[in-house]
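Chains as they are written, first to last, in my numbering: chain H, 156 to 267; chain C, 2 to 113.
If you're looking for bench data, these hints aren't it; they were derived computationally from the structure.
Hints may contain errors.
[Unchecked claim] Stretches of chain C that chain H covers, calculated by requiring three or more beta carbons in the stretch to come under 8 Å of a beta carbon on chain H:
| id | region |
| --- | --- |
| 1 | 43-55 |
| 2 | 81-93 |
[Claimed, not checked] The following residues of chain C were derived to be distant from chain H, with all beta-carbon distances above 12 Å:
| id | residue |
| --- | --- |
| 3 | 15 |
| 4 | 61 |
| 5 | 66 |
This one's a predicted model, so the numbers in the text were calculated from it and none came from an experiment.
Backbone N, C-alpha and C fix where the C-beta goes; we use that ideal spot for every residue, glycine too.
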Amino acid sequence: SQTIHQWPATLVQPVGSPLSLECTVEGTSNPNLYWYRQAAGRGLQLLFYSIGIGQISSEVPQNLSASRPQDRQFILSSKKLLLSDSGFYLCAWSGNRGGGYTFGSGTRLTVV
Amino acid sequence: QKEVEQNSGPLSVPEGAIASLNCTYSDRVSQSFFWYRQYSGKSPELIMSIYSNGDKEDGRFTAQLNKASQYVSLLIRDSQPSDSATYLCAVNPPQAGTALIFGKGTTLSVSS
Chain H
156 SQTIHQWPAT LVQPVGSPLS LECTVEGTSN PNLYWYRQAA GRGLQLLFYS
206 IGIGQISSEV PQNLSASRPQ DRQFILSSKK LLLSDSGFYL CAWSGNRGGG
256 YTFGSGTRLT VV
Chain C
2 QKEVEQNSGP LSVPEGAIAS LNCTYSDRVS QSFFWYRQYS GKSPELIMSI
52 YSNGDKEDGR FTAQLNKASQ YVSLLIRDSQ PSDSATYLCA VNPPQAGTAL
102 IFGKGTTLSV SS
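The shape of chain H in the complex, shown without the other chains:
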């Protein structure tokens, strides 16, 4: 069966520090991968999605970037965090034929 791993679960970072969140999927090949952010009391905001290695689409221009160095690995990064980057970051995957997404357990990021 397919599983998705996301870490760390919580993170407290100072303003201006770098960020790296990692997500991996097991049990499937060539998944579609997604990064969402959920700010407190708000909906899910799509940040990036990828349909293949090296293929990244950005939905929101900001100080975040994403990379997909391997088929089942998706990384969210920032060189310098802002206070507004605080939120609940969720990685998700889906198959190539559509269907719903399966989310990882999420990373709660607090920028102080």
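Got chain H sorted already, so can you dock chain C onto it with the hints?
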């Protein structure tokens, strides 16, 4: 801009009652529709998917789709306190290479 609208709630129902959650979407040609449940502090969990007009039942949950009215609903029969959560509606645009669009969610509270 494609949108998915939900009443934010909270929707309060007594234990054993039927909870009715509603969602409207703006893109008339959308084909796939999903309901997610999100407990406080946790990641969303897919509970129902529906692709054709009509009803789809799974245990105590029934999803209803009316494409002509651009309307999706989720009924929860015999509501339990454990059903208390935020329910997210998601719509899959038909265009290739696009991601699910999520509503902001409806918070359901079931009182015992």
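Results of checking the hints against the structure:
{"no.": "1", "hint": "43-55", "verdict": "holds (count 6)"}
{"no.": "2", "hint": "81-93", "verdict": "holds (count 3)"}
{"no.": "3", "hint": "15", "verdict": "holds, 26 Å"}
{"no.": "4", "hint": "61", "verdict": "holds, 19 Å"}
{"no.": "5", "hint": "66", "verdict": "holds, 14 Å"}
When the structure is compared with the earlier hints, no violation turns up for any of them.
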